[in-house]
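**Q** Each chain, written out:
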Amino acid sequence: MKLTKTKTFPYWKYIIVCLLFLVMLPLNAAGIVSGSTLLILGTVIFYAVVGVGMNILLGYSGLITLGGAGFMGLAAYLSGFCSTRLGLPFILCLVISIAVPTVIGLGIGVVSLRLEGFYLAIATLGIGEILRQVFVEFEPFTNGFSGMRAAYPKLFGIVLTREVTYAFYAIILLIVMILVHNIVNSATGRALLAMKGSESAAQAMGISLLKYKLIAFAISTVLTALGGVMYMHLIKYSYPTVWGLGMSLNFLSISVIGGMQTVLGAVLGALFVIAVPELVIKQLPVIGTLTGVAYVFNGLFIVLVLLFYSDGLIRIGSDVKKLVGKIRGKKNDIDQRSGT
Amino acid sequence: MTLTKEAVHKESPDLKEGVLLECRDISISFGGIRAVSDLTFDVRENEVYGIIGPNGAGKTTVFNIITQFYKADSGAVLFREANGNVIDLVSLKTPQVVRKGLVRSFQNIELIRDLSLADNLLVGAHIHFETSVFSQMLRLPAARREERVLREKAMQVLSFLGLTDRADQLAAGQPYGVLKKIELGRALLSDPRLIILDEPAAGLNDTETEDLTGLVHAIKKDYNCSILLIEHDMRFVMDICQRICAMSFGKKLAVGTPEEIRAHPAVQEAYLGEE
Amino acid sequence: MSNFIQILFSSLEIGSVYALAALGIIIIFRTSQLINFAQGSLGMFSAYIAAFFIQGGESSLEVQVMKHSTIIAVLVGMLAAFLMGVIIDFLVVRRAKKQTSPLALPIITLGIVMMLTGLAPIVFGGNPLAFPRFIENASVSILGVTIMVNSIVCIILGFMVLAAVFLFLQNTVWGLAVRTTASNETTARLMGVPTKIVTMVAWAVAAALGALSALILAPSTVVDIVMMDGVQLNAFIACVLGGFQTFYGPVIGAYILALTKNIFGFYISTTWGTAINYVLILIFIVIRPYGLFGKKTVKKV
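Quick mapping for you: the protein sequence lines, in order, are chains A, B and C. Note that the numbering used here has the first sequence beginning at 68, numbered continuously upward. Note that the numbering used here has the second sequence beginning at 157, numbered continuously upward. Note that the numbering used here has the third sequence beginning at 15, numbered continuously upward.
Treat each hint with caution, since some may be false.
To be verified - Mimicking DMTMM-like on lysine to aspartate or glutamate, the simulated pairs with C-alpha atoms at most 20 Å apart in a straight line are:
1) 210(C) - 199(C)
2) 310(C) - 266(A)
3) 111(C) - 378(A)
4) 263(A) - 204(A)
Claimed, not checked - Label pairs and their calculated CB-CB ranges:
5) 212(A) - 101(C): 35 to 43 Å
6) 178(C) - 422(B): 38 to 46 Å
7) 82(A) - 297(B): 47 to 55 Å
8) 218(A) - 302(C): 44 to 52 Å
9) 181(C) - 269(B): 38 to 46 Å
10) 390(B) - 386(A): 47 to 55 Å
11) 392(A) - 188(C): 34 to 42 Å
12) 286(B) - 159(A): 32 to 40 Å
13) 238(B) - 302(A): 57 to 65 Å
14) 181(C) - 405(B): 41 to 49 Å
15) 392(A) - 318(B): 38 to 46 Å
16) 302(C) - 205(A): 26 to 34 Å
17) 181(B) - 313(A): 56 to 64 Å
18) 298(C) - 427(B): 44 to 52 Å
Unchecked claim - To give a feel for the contact side, a few chain A residues facing chain C, derived at Cβ under 8 Å:
19) 181
20) 189
21) 218
22) 222
23) 224
24) 227
25) 228
26) 319
27) 360
28) 367
29) 369
30) 370
31) 373
32) 374
Bear in mind the hints are in silico, worked out from the structure with no lab data behind them. Backbone N, C-alpha and C fix where the C-beta goes; we use that ideal spot for every residue, glycine too.
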């Protein structure tokens, strides 16, 4: 009997994306791609990591958070503190900076049993705001409005360069995508979708809502914190105002615009929300120089994309495939929507 | 909270020989309205048992009480597990019920639209997945093996339902009759001793209902379990059930074979009004 | 005692700012089933329009009619907001509701936020603008405490507008149409309620309320692109506190929120006062997950 889903190697698309990011390095060395562009793409990478976490939460589990920026900031400050003030090796900083926010994230998971929908959204928003206030006030730790500085990651005693850090981050993104892909296509992923689709049916099938909400928030917070650590060691500077509601809403946008029930969608969303304003719009002649233009166009694009592709930009991929199939005259039987 | 063998034997409630499920004097009220009053009935091994009654009689409420979606105000829901132990389901949380061998379907189809039909069935097999999230994340051999074995099982059920060609299609957009079958099939994946079906024939035409009748017979034979169902389609109920319990306003009117129920004066009055 | 009077009046004043914004949010939420993240930005943009209008007015009108100019400017701002609400509903929301997933809708309002935030400096220039009070340089003494007359005017204005909206909802046929649509849109449509007009008017009114909220706030700060950020946040929290199931819940929540914020701010500290406020509200909604006046909607299986 033929088994379903006998995909030989499902990770090609993630590898291709990683390679596309990596190919920017030789282009940068050759002077075709500028250093600031590289920095922006590096930013896209760690926003994509956070975006994958948001997809798990929003797209696969039906849970929402508007406090993501607070957790990302917490991880950033922790990592900065551990590496610069305490001089700890990068791996240890990473572990600490991820563990602490995740504990809080688990707490939110418990709370999410009681609160639903918008109530949960605003509750997490409140937590994010409280964290931001902490960043401002805890000056001995965070240096308040003066900001905290950090360096590129120090692995095995060597401080990396910007280019190596960028490559390192691209690899991290690849690993994250592969691991999350595995989760999403496993019994855990199905349980999360079941919980999102129908809490009653999920419970009737033996799925514990508490366990899976905790799993969803744990995975999402780990990835958000990881993104925070990556932020700190690429941007090398953090100050409190960054970690506000605006950033949390950016995460939401990245998730929804890219395709929230996919893994790859996060990369698309991050490219669109982060890279397009900086790399495309600001480069346009005349209008590119006006303050606020990037914002206007980005907003306009968001509205248009969601009006026409409410499932996210990732659907463009399936639309292109359908078009190609039609052009070639082949019949495309299998619905491309079954799992990316 | 699962009961240990010792605890069960200490306060072991009693079930007659051959009885699989017994609702004993269960009652529940919602805001002052008595939805179910002192209801007692039992379902035997390898039996198809039906509950009928006008709308509002409390049938789905009884199902929710049995499956621990509601907690009864009083009474016990005794169930005999595969290993012979008798437990009171009231002591369990909702997700624990299916692990004891009792699974339900829903009146409104509660399938997951974003999953394929095969994956929807695999949700039914959730309790058989024992590997941790980490194993699944790293696709360790144990996790891969488990997925393969249980996916085979899901394909077998799809074949049993005659839906193999739709295995990878999403549940969203499937015809109603297909969804009803999958809802039924999902219950089979958990290796149940008792399947509880809430209006399985609702919305089906005559041909589909005949199909369903054949399916229920086949399930009873091939899967060696009992079936407890609510239905409004009288022909279907009389065709398929060995015994029927008629309810009205939360109370038991009568229990008996289809013929006995059909001839029962109180049942006739509740359905048709006094002559 | 004098502290209490001070706190009371400033709470009532800032409370009316929050309440107007919160009412705007809940009206759109209940009639269009979406969270409008653009509430603050619409207010901000209208404030810019009003501020621009007044500046233009200053140059051509004499000083002694400035009082009228303020009121007219406010009306102009509210009218502009009203029109923007109509346009947004007509062009975007109506289309979006038919073909987008429910989660995409709030993100679309985020897109609108970005557009407004980007447009404001382009149209109005990058500098913050000033907006005058209704009544300048006048104060009264209440129980020994000096209160600005303008504050009293704003408080009364806030009450009047809120009362007007509630009277409209409760006592008019159109108000009934709004409440019916809020309760169940499909049924309302089946019963002949022109739900499309209702949602459009809802957007327009909500935007106008946001404009008034911004303009009551404006004199005590400046008109710039971030002026309504704090207000919007507090308006959302007021909705959570009051519950999303009623129209009056968020309004009452807004006043309570303003009061507790000021009390904590005064007796503890201004910075930590806000944080403590949030913590207490978070604790509150965990205990009462549907807000002060909300009810759990049980889904029957």
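**Q** Does each hint hold? Answer for all of them.
**A** These are the hints, each one checked on the structure:
1. 210(C) - 199(C): Cα-Cα ~10 Å, so holds.
2. 310(C) - 266(A): Holds, at about 16 Å.
3. 111(C) - 378(A): Distance of about 13 Å is within 20 Å: holds.
4. 263(A) - 204(A): violated, 38 Å
5. 212(A) - 101(C): 35 to 43 Å: holds, 39 Å
6. 178(C) - 422(B): 38 to 46 Å: Violated, since residue 178(C) and residue 422(B) (Cβ atoms, about 60 Å apart) do not stay within the stated range.
7. 82(A) - 297(B): 47 to 55 Å: Violated, since residue 82(A) and residue 297(B) (Cβ atoms, about 23 Å apart) do not stay within the stated range.
8. 218(A) - 302(C): 44 to 52 Å: holds, 47 Å
9. 181(C) - 269(B): 38 to 46 Å: holds, 43 Å
10. 390(B) - 386(A): 47 to 55 Å: holds, 49 Å
11. 392(A) - 188(C): 34 to 42 Å: Violated, since residue 392(A) and residue 188(C) (Cβ atoms, about 51 Å apart) do not stay within the stated range.
12. 286(B) - 159(A): 32 to 40 Å: The hinted range 32 to 40 Å holds for residue 286(B) and residue 159(A), with Cβ atoms some 33 Å apart.
13. 238(B) - 302(A): 57 to 65 Å: holds, 59 Å
14. 181(C) - 405(B): 41 to 49 Å: Distance hint for residue 181(C), residue 405(B) holds at roughly 44 Å.
15. 392(A) - 318(B): 38 to 46 Å: Given a distance of about 29 Å, which is not inside 38 to 46 Å, the answer is violated.
16. 302(C) - 205(A): 26 to 34 Å: holds, 31 Å
17. 181(B) - 313(A): 56 to 64 Å: Between residue 181(B) and residue 313(A), where Cβ atoms are some 59 Å apart, the hint holds.
18. 298(C) - 427(B): 44 to 52 Å: At roughly 50 Å between Cβ atoms, residue 427(B) and residue 298(C) fall inside 44 to 52 Å, so the hint holds.
19. 181: Since chain C brings a Cβ to about 5 Å from residue 181(A), closer than 8 Å, the hint holds.
20. 189: With a minimum Cβ separation of about 4 Å from chain C (threshold 8 Å), the hint on residue 189(A) holds.
21. 218: violated, 31 Å
22. 222: Interface hint status for residue 222(A): violated (37 Å vs cutoff 8 Å).
23. 224: Constraint on residue 224(A) not satisfied, violated at 40 Å.
24. 227: Interface hint status for residue 227(A): violated (34 Å vs cutoff 8 Å).
25. 228: violated, 34 Å
26. 319: holds, 6 Å
27. 360: holds, 6 Å
28. 367: holds, 6 Å
29. 369: Because about 3 Å separates residue 369(A) from the closest Cβ in chain C, which is inside the 8 Å limit, the hint holds.
30. 370: holds, 4 Å
31. 373: holds, 4 Å
32. 374: holds, 6 Å
Checked against the numbered hints above, the structure breaks hints 4, 6, 7, 11, 15, 21, 22, 23, 24 and 25 and satisfies the rest.
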